[in-house]
Every structure is written in C-alpha cells, then in structure tokens.
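Chemist: Following the hints, complete the assembly by docking chain R onto the known chain U.
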Amino acid sequence: MFAYIVRRVLATIPVMAIVALFVFSLLYIAPGDPAAVIAGDQATPADVERIRASLGLDRPYLVRFGAWLWDILRGDLGTSIFTNLPVATMIRQRIEPTLSLMIVTLILAVSIAVPMGVVAAWRQGTWIDRAVMGFAVLGFSVPVFVVGYVLAYIFALELDWLPVQGYTPFSRGFFPWMENLILPAVALGSVYIALIARITRATMLEVLQQDYIRTAKAKGVGQRSILFVHALKNAAVPIVTVIGIGMALLIGGAVVTESVFAIPGLGRLTVDAILRRDYPVIQGVVLLFSFIYVLVNLAIDLAYTLFDPRIRY
Amino acid sequence: MHRRNLLKAGAAVAAASSLSHAAIAQPAQNRVLKMVPQANLTSLDPIWTTANITRNHGYMVYDTLYGMDADFRPQPQMAEGAVTSDGGLRVTITIRAGMKFHDGETVRAADCVASLARWMKRSPIGQKLETFVDAVEASGDRQIVFRLKRPFPMLTAALAQVSNSPAFIMPERIARTDPFQQIRETIGSGPFRFVPAEFNSGSLAVYSRFADYSPTPTGRTSLTAGPKVAHFDRVEWHIITDASTAAAALQTGEIDWYEQPPPEIQMLLRRNRNVVIEAVDPLPLIGILRFNHLHPPFNDKRMRQALLPAIVQSDFMSAVVGPDPSLFMENVGVFTPGTPLANDAGLEALKSPRSVERARALMREAGYTNQLTRLIGPTDILAPSAMTQVGADLLRRLGFNADNAFSDWGTTVTRRTSREPVERGGWSMLFTSFSSFDFVDPSAHFPLRGNGTNAWPGWPNMPRLEELRDEWFVAPDLDAQKRIARELQTVAMDELPYIPVGAYMSMTAHRRNLADRVKGMALFWGLRRT
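The listed protein sequences correspond, in order, to chains U and R.
Per our numbering: the first sequence = residues 46 to 358.
Per our numbering: the second sequence = residues 434 to 963.
Isolated chain U (complex conformation) (with noise of 0.2 angstroms):
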C-alpha cells in the first residue's frame, strides 16, 4: 500500500508539468494585455511597452516558461501582476473560504443524497422514488446561480434568517461561519445532491437484486439494517467514485457559487484574475486545482480498499 502510494504521488509530477505547460502555453497564446489594462487610457505605446518590460512580459516564451518553472521549483509561484502580492499569499488569503465551501458543500450532500438514493431504490416505483428521481432532473436542469438567487430572495431578502453575502473566518466562530456557508453551499450543492442520488439508487437497484440479499431477508434480517450495512456498503464503490469526479464538479460551481454569494474565495479569485490577465495568479490557481484534483482522486482509490476488501494495491 505505502509503495503504491508513493507511486501515485510521484505520478502527479509529470501530471502536474504537463498542466503547467498547458496553462502556460494557453496564457501565452490568449489575447489581452495587462500592461495595456494598467497603462489606461492615456498611456502612450512608449509608456505601455515600459510597463510590459518592467512586468517581464517582453521576454520571449521559452525564457518566461522557464523562469517560472524554476520559481515554481523553489516553490515560489510568483508575484501578482497588479496588486504586487505573492501569489501564494493570495491564495493564502483566498483557500478557507473555498475549502469551507467545498467540505460543508460536501458533507451537506452526502448526508442528504446517499439516503435519498437509498430510500428511492428501497422504495422503487413509488411515489418517494418518483419524488427523488424528479428532484435529481430537477437538481441537474437548475444553475447552480439561479438556486442561489432564489435561496438569497427567500432566506436573506425576504426571511432575513441568514447573510446575502460574505464569508465569516472560521476563527470567529462555528455559527458565524455556518451562518454565511449554508445558502452557498445548499445552491452549489443542488447538483452534487442529484448526481449522487441518482448513482446511489441505481447501484442500490443492482445490489438489491444480489443473492446474498435475499437470503439477508430471508435470515430475519432487519430492513435497516439490510439496506444500510449490507446493501450500501456493496454499493459504495462506484458512490465514491462518483463524489470523487463530482469535485471538478464542485471547483467549477465554486467559481458561480462565490460571485453570487460574494465568498473571497479562488473561484473568485480565478475569474477575476482572467479578467485582468494577471498570467502569475492564474497560473498559481490552475495548478492548485490540479494538485487538488489529483490528491482527491488519490483518496478515493484508496478509499476503495474499506469498502472492498477484494481491492489491494
């Protein structure tokens, strides 16, 4: 197992240098320029072509890719074009609010997915299950950004039971953070919900047809108990898998999520940075998400060995 993982990890590097070339070379091709953006308007090309030298941005690809590779080496993922912050700092500032969003995103749905999707195979061609099934269509068609609208207009705008906006540190207490958390992560969570519902039924549906099953119930087993420790823990594979692939999922709706909900997170983070072309942080976030994605679809293999035993690496 430690010689496995080793391996995996050491797998990442060349995942992670070949994002690195990808996210460099599509920044170098893209149009835009930042040191026409800071310039302004009454810059003078002299003026414009000063600023792109002292940013760095004159010197060719190769000699540019090559001194952030090295930086990055070092572990330096360098400095932002327009607030002259490291860009690690940057996401320093920016990581909680998003891990907060993902995890509480993440247990949120587990918790209600997996037993609505257990429930509707349990209860199979009733009207629970049609009410599951059509709460999954309706959890997919939805964006994530109308959810939230709707949520901030109920909860926030009409109710005034929670924030509209922001993100309270985890430091300044569980209520404060939980009390900006729930809507984002009830509307990021829309989709993640229906996804795994919709896995956890028809892999319960499969399992719940298997022999050993049936003999369960036919030893007097309790209903609970058969579907909850038998059934589910059979059918958990292709669920983790599926949580697993969910997280570009949730990267993706983090981004949306945050502008709605005005969270100081990196998907925030992300697109502003494309917007002004500030090439370090971009490149910086890119490459977190990647390790990130990578680290997690590494958990999940490993995963795999509690759920079954027949799994060994």
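Heads up, a few of these hints could be off.
[What the hints assert, rightly or not] Under the rule of at most 25 angstroms between Cα atoms (straight-line distance), these lysine to any residue pairs were calculated in the SDA-like manner:
1. R/Lys-554 x R/Arg-609
2. R/Lys-561 x R/Ala-908
3. R/Lys-561 x U/Ser-99
4. R/Lys-734 x R/Ser-788
5. R/Lys-734 x R/Val-662
6. R/Lys-554 x U/Ala-91
7. R/Lys-554 x U/Thr-89
8. R/Lys-734 x R/Asp-903
9. R/Lys-561 x U/Arg-97
10. R/Lys-554 x U/Leu-102
11. R/Lys-561 x U/Glu-94
12. R/Lys-952 x R/Arg-506
13. R/Lys-561 x U/Ala-91
14. R/Lys-915 x R/Asn-776
15. U/Lys-264 x U/Asp-121
16. R/Lys-561 x U/Pro-90
17. R/Lys-533 x R/Val-662
18. R/Lys-734 x R/Ala-825
19. R/Lys-561 x R/Thr-610
20. R/Lys-554 x U/Asp-78
21. R/Lys-561 x U/Thr-89
22. R/Lys-554 x U/Pro-90
23. R/Lys-554 x U/Ala-98
24. R/Lys-561 x U/Asp-92
25. R/Lys-561 x U/Val-93
26. R/Lys-554 x U/Glu-94
27. R/Lys-582 x R/Leu-522
28. R/Lys-561 x R/Arg-609
29. R/Lys-554 x U/Arg-97
30. R/Lys-784 x R/Arg-704
31. R/Lys-952 x R/Val-639
32. R/Lys-554 x U/Asp-353
33. R/Lys-533 x R/Val-628
34. R/Lys-561 x R/Glu-538
35. R/Lys-554 x U/Leu-100
36. R/Lys-734 x R/Val-745
37. R/Lys-554 x U/Val-93
38. R/Lys-952 x R/Pro-770
39. R/Lys-554 x U/Met-61
Keep in mind the hints are simulated off the structure, nothing from the lab.
Note that the structure is a prediction, hence the values are computed from the model and not measured.
Modeler: Structure of chain R alone, referenced to chain U:
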C-alpha cells in the same frame, strides 16, 4: 426569527455569548461604513495605474497640495499658499505646518518634490507641466520652488486635477520608486490610513480614520477641496461583483453604500424606502464613438462626417441608462455639459434633423465601396457595451460591411492598441465613455488630441487641435480659455477625431441614514450617519 439569530437560537450558550457581544459592538458598528465600490481594487498605486478605483483609493490615503472644488477652481489643500515671482517664472508653494504621514513622519517639501517628480512622468498634465519646468526644488522643510522656462498659469490647476492620476503626495522614500514600477507601501497623509493586513484584493479593502490628520483650516468641503473631516472610524470596501447580490446586501443593511448599481438594479432599489438613489456626480459622463484614423474607411474625413446625420444621441444614452430623459443629455459637444468650457460651437451637425438616408447618401458621395469595417467593444462594461450594441445596429442600418468583434474588457483594451488594418486584426471604430473630469478641459482630454501616432487609440493627426491645446495651457484667463474651447470644438466637429454620442448621469445608491455625501465621486470625508 431573523438572521444572525437563526443558528444561535439552536444553541443557547452561543446565543447568549453573541448577544452580549452584539450589545457591546453596536456603537462601534455605527462608526463603520461598508461600501461596494465600482470595481475591484487591484493596484494600490494611483500613479502607476489610471484605474478610477485606484484614484478613489488614493483620495482616501493621500492628500494633494491643491484640491479642486466643484466649480473646478483649485484651492489650497496641503498648501498654505503660493507666491509667483520673476514674471511668472518662479512659483513658491508653502505647505502647512504640522502635517504628518501615516507612519508618524512629518510631511516635508522634499516629500512633495519627489512625489511631483514621479507624477510628472506619468500624468498627462504632469507631463505637460514638466515641459515648462527647469527645476522643482525643496527650499527648507516647507517650501517647494518651481523654476519655470515659461509661465504656466495652469500650475495650481494641474496640482489639483482630479482626472486619472492626481498629484498625490507620498513620503520621499516611496515616491522615489520608478514611475513604471508599483510602490510597495501605502503611506500617505490623507484622512484615512490603509490597513494592509486586511487587504484581500477582490474581496475587502479596509481604511481606518487617521487621527493625526489635519484638515485644511480654510474653505468649505467641495469635491477634493476644503476640510476633509472623516466621521467614520473605519471604512470597508466590500468587492461584490454580482449586482443582484450587492443590491440585496444594500436592502438588508449589510452594506451602507453601493457605488454604481446598473439601471435595472436602480429600478429595484427605488422601491425600497430605506435606500436613496442619486447622482454620484452632478456632472455627466460622456460617451464617444472613436474612429481609427489610420485605415479606410474612416481615415477619410468625409466618411467620418457621413455618419453625423445618423447619430441620435438619445438612442445611445437610453441604451446606457434607460428611457428616463432626466438621466441623460443630448446635443453634447466635446466638453462636459455644465462646465465652464462647454459650448455649442459646431454642434449644428448633431442638432439638425436625423436621417439614416442622408448618411447613406453621404457615404456614397465619400466613395464607400463596401470596405470591411470592424466595430470592437467590450461585453462586460455596462456603458461601452450598451453603446456598442446600438452602434452595431446603426452600422447594419447604414449598410456597412461590418464585422463586429465583441469581447471582454481586457481583450478590447489590447485589441484597440493594434494599428494594423482590419484584414490583419485591426479595428475601425469603438465606443467608450469618459468621466466628467476627463472632459472638463483639454488637459486630460485624450480623444481630443491630434498628435498622430502618439495620440489615444485611433491616432488622428490633426495639428490644429494640438496648437489650440497648447494655446489653452498658457491662456491668461477663463475668457481666453473659453474662446479657445469654442474653436477646439469647431475644429473637432469638422475633423471628427471622434463623435460625441451623448452624456449620462452615473447613479449611486446608499442607505437613507447616510448624509452629507461629497458629490463628484466616491469620497468618504464629510459623509456621516444620521
């Protein structure tokens, strides 16, 4: 049950704790102002970048030797006064005693000299001033001496100018930074000090009242002139990019002020009795249609003039601010309506009956032969985007062979610097808007320049415009300036470096309990909670 209490109600201990904190915090909350600014604050150096949001940040943190009042008259601010001698070739400005920077150091003339030296490298009016200057020197701790090659009557106006990069005063050690590099510290002598530890670009910028700030004892508070008295201990700029979210936050009282709500959001906010909608600035912003003068078809003056009969300024303006005629102005020339230099010379071409047919006929006479015409414009900036959409429709109705290229602002800004012909990625025309301050006079009026390849994108080569601009800088009095302004507008409406497409009011929204807002832009002195 209301927010803040919902979760606390589920945990009695937490609720009790929170209530006691809330009770203590209440008066302090009243001394905090929360505002959603017009854009994200990215750069903190108002000399390095010309972004309006950074200029506004500059007015929080820095002070200027002279302030500009609402009538566009420079007034002493850090300066106590100025003495002109040697037939206007020597100007000595004395700064007030006892002013301090946020790091506790006393403001000295040497700080001002270093700050002005950096400013003169980047600000257009500063660059102009530099051509008149032999030397700017400190004489003792409180006197700044300008030794001039020729008299420069606009000196104090230049030091007070509000457009883009004002002449902010920084400590000498910071002001010695290369003007093309960002400063690394934000230390000024203005009414608020910046709190770098809480700065999170894209989310939050925090300012605290500078207790040692000494407001000018003279004049009345007006635009950037007069005493700058801060009534809030703490000002927070919350960056909320989503307009609906910002509006909801204003309605619930989570924020006090939303600087630039878009028109559709203003309609929503008007229904809320706790919210006031008013003009940020009593003067309007101006929209323009800029031509690329380097390539066909608009390198031909007759082609530019051909468009005039088809320009309906109200069409462009109602696309920007909606149909309410009180929010926009027509028959707008090259200077900001309501300011001293605004006039009606040469505007007949915009006032005569409008006719697309007439414009088509003029296009034919000018020899338009279906050349490819590319309109570029942003999709993510409200006013230019709206004007560009109307412009695209106009091009279609006029029968242009139009290839429109709309993109985000960053791409548009880059694309407009291209001097290539349309076939090689260049452009033919674009729409954008400028603040009232930019068009008050010729000093910072970039689209009115005619200095060819050094001009603002579009690059018109119109020497007469340059001659008149130079004359304006040395005009002895306002009457002379007005005469030059009339001639400038006459030449501009004939040569058409651009076509004015109207002026519109920029509206702001704040909670009704805010009073005494200083008009002009987002300024935070004078403002108080009632």
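Chemist: Determine for every hint whether it applies to the structure shown.
Modeler: Verification of the supplied hints:
1. R/Lys-554 x R/Arg-609: holds, 12 angstroms
2. R/Lys-561 x R/Ala-908: Holds. R/Lys-561 to R/Ala-908 sits at ~14 angstroms (cutoff 25 angstroms).
3. R/Lys-561 x U/Ser-99: holds, 24 angstroms
4. R/Lys-734 x R/Ser-788: holds, 19 angstroms
5. R/Lys-734 x R/Val-662: violated, 51 angstroms
6. R/Lys-554 x U/Ala-91: holds, 12 angstroms
7. R/Lys-554 x U/Thr-89: holds, 12 angstroms
8. R/Lys-734 x R/Asp-903: Status holds; Cα separation ~24 angstroms.
9. R/Lys-561 x U/Arg-97: Measuring from Cα to Cα gives roughly 24 angstroms; hence the hint holds.
10. R/Lys-554 x U/Leu-102: holds, 21 angstroms
11. R/Lys-561 x U/Glu-94: holds, 20 angstroms
12. R/Lys-952 x R/Arg-506: Roughly 15 angstroms between the alpha carbons, so the hint for R/Lys-952 and R/Arg-506 holds.
13. R/Lys-561 x U/Ala-91: holds, 16 angstroms
14. R/Lys-915 x R/Asn-776: holds, 8 angstroms
15. U/Lys-264 x U/Asp-121: This hinted pair is violated, its Cα atoms lying about 62 angstroms apart.
16. R/Lys-561 x U/Pro-90: holds, 17 angstroms
17. R/Lys-533 x R/Val-662: holds, 15 angstroms
18. R/Lys-734 x R/Ala-825: holds, 21 angstroms
19. R/Lys-561 x R/Thr-610: Measuring from Cα to Cα gives roughly 21 angstroms; hence the hint holds.
20. R/Lys-554 x U/Asp-78: The hint holds at about 22 angstroms.
21. R/Lys-561 x U/Thr-89: holds, 14 angstroms
22. R/Lys-554 x U/Pro-90: OK: R/Lys-554 and U/Pro-90 at ~14 angstroms, within 25 angstroms.
23. R/Lys-554 x U/Ala-98: The given pair, whose Cα atoms are some 17 angstroms apart, holds under the 25 angstroms limit.
24. R/Lys-561 x U/Asp-92: holds, 15 angstroms
25. R/Lys-561 x U/Val-93: Answer holds: R/Lys-561 to U/Val-93 is near 19 angstroms, not above 25 angstroms.
26. R/Lys-554 x U/Glu-94: holds, 15 angstroms
27. R/Lys-582 x R/Leu-522: Since the Cα atoms of R/Lys-582 and R/Leu-522 sit roughly 6 angstroms apart, the hinted pair holds (cutoff 25 angstroms).
28. R/Lys-561 x R/Arg-609: holds, 20 angstroms
29. R/Lys-554 x U/Arg-97: holds, 16 angstroms
30. R/Lys-784 x R/Arg-704: Violated: R/Lys-784 and R/Arg-704 sit about 36 angstroms apart, past 25 angstroms.
31. R/Lys-952 x R/Val-639: holds, 22 angstroms
32. R/Lys-554 x U/Asp-353: violated, 70 angstroms
33. R/Lys-533 x R/Val-628: holds, 17 angstroms
34. R/Lys-561 x R/Glu-538: violated, 31 angstroms
35. R/Lys-554 x U/Leu-100: holds, 18 angstroms
36. R/Lys-734 x R/Val-745: At roughly 20 angstroms apart (the allowed maximum being 25 angstroms), R/Val-745 and R/Lys-734 satisfy the hint.
37. R/Lys-554 x U/Val-93: Holds: R/Lys-554 and U/Val-93 sit about 13 angstroms apart, inside 25 angstroms.
38. R/Lys-952 x R/Pro-770: holds, 16 angstroms
39. R/Lys-554 x U/Met-61: Since the Cα atoms of R/Lys-554 and U/Met-61 sit roughly 43 angstroms apart, the hinted pair is violated (cutoff 25 angstroms).
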